[in-house]
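Student: Sequence:
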Amino acid sequence: MKDRRSGEHWAGRLYMREISLRIDRHLVNTRVTPNQLTYLMTVFGVLAAPALLVPGITGAVLGVLMVQLYLLFDCVDGEIARWRKQYSMAGIYVDRVGAYLCDAAVLVGFGLRAADLWGTGRIDWLWAFLGTLAALGAILIKAETDLVGVARHQQGKPPVQESASEPRTSGMALARKAAAALKFHRLILGVEASLLILVLAIVDQARGDLFFSRLGVAVLAGIALLQTLLHLVSILASSRLK
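The sequence shown maps to residues 1 to 242 in this note's numbering.
Don't read these hints as lab results, they were simulated from the structure.
Take the hints with a grain of salt, since some may be wrong.
To be verified - Under the rule of at most 30 Å between Cα atoms (straight-line distance), these lysine-lysine pairs were calculated in the DSS-like manner:
| no. | residue 1 | residue 2 |
| --- | --- | --- |
| 1 | K157 | K242 |
| 2 | K142 | K183 |
| 3 | K242 | K183 |
| 4 | K242 | K142 |
| 5 | K157 | K142 |
Generate the whole structure from the sequences, applying the supplied hints.
Tutor: Written out as structure tokens, the structure is:
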């Protein structure tokens, strides 16, 4: 799993697969099913949003914890399914829904956090709106990828190969390599966003305001909108729909 070119998160390769294997040994001989673990994974992902509403660094730490638990069970459910050979389309479907919900929950929670719901002043809903906008972009990016499979299935074509993701023009290929090197698009994913939120919460705690959290919300909203457009262009410029 660690050697997969795509589909394996860096945190999985770095540490989470090592942790998940130690959890597997306690679950593999129980009655817990892979699908039940996937549902639990989804719950932890969604809980990132209310966790981030807790003021101060405590809420940011809880947000990171919820996302890490999401990632842990995202590893465990598949490992248990492969060991037992218990595969199901429902499990794949819920796994994808969980991925959508986790990224969205972190970004929506971040926006509500920046709006200062529990502060003494006026709630600034602009930041909640920008956080929701970032969440929408994160969902659309995943949907753009998943819809390639839908389009190919409806045309009776086999699943897309990794090589088909390469752009057909040298200019687009160069732009794709530059974006991949910068990796700015990863900031709107649940794991990376939660870690960024924690860093910004620490800085805001030192300042005594929410300046950097609000700046972060605005930046993530901009990245989400830009990446939604660039990802769509990248798909259309590749051979994935040919």
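Student: Now tell me, hint by hint, if it's right for this structure.
Tutor: Verification of the hints:
1. K157 <-> K242: Holds, at roughly 9 Å.
2. K142 <-> K183: holds, 16 Å
3. K242 <-> K183: holds, 27 Å
4. K242 <-> K142: holds, 20 Å
5. K157 <-> K142: holds, 21 Å
Figure legend: structure checked against the earlier numbered hints; every hint is met.
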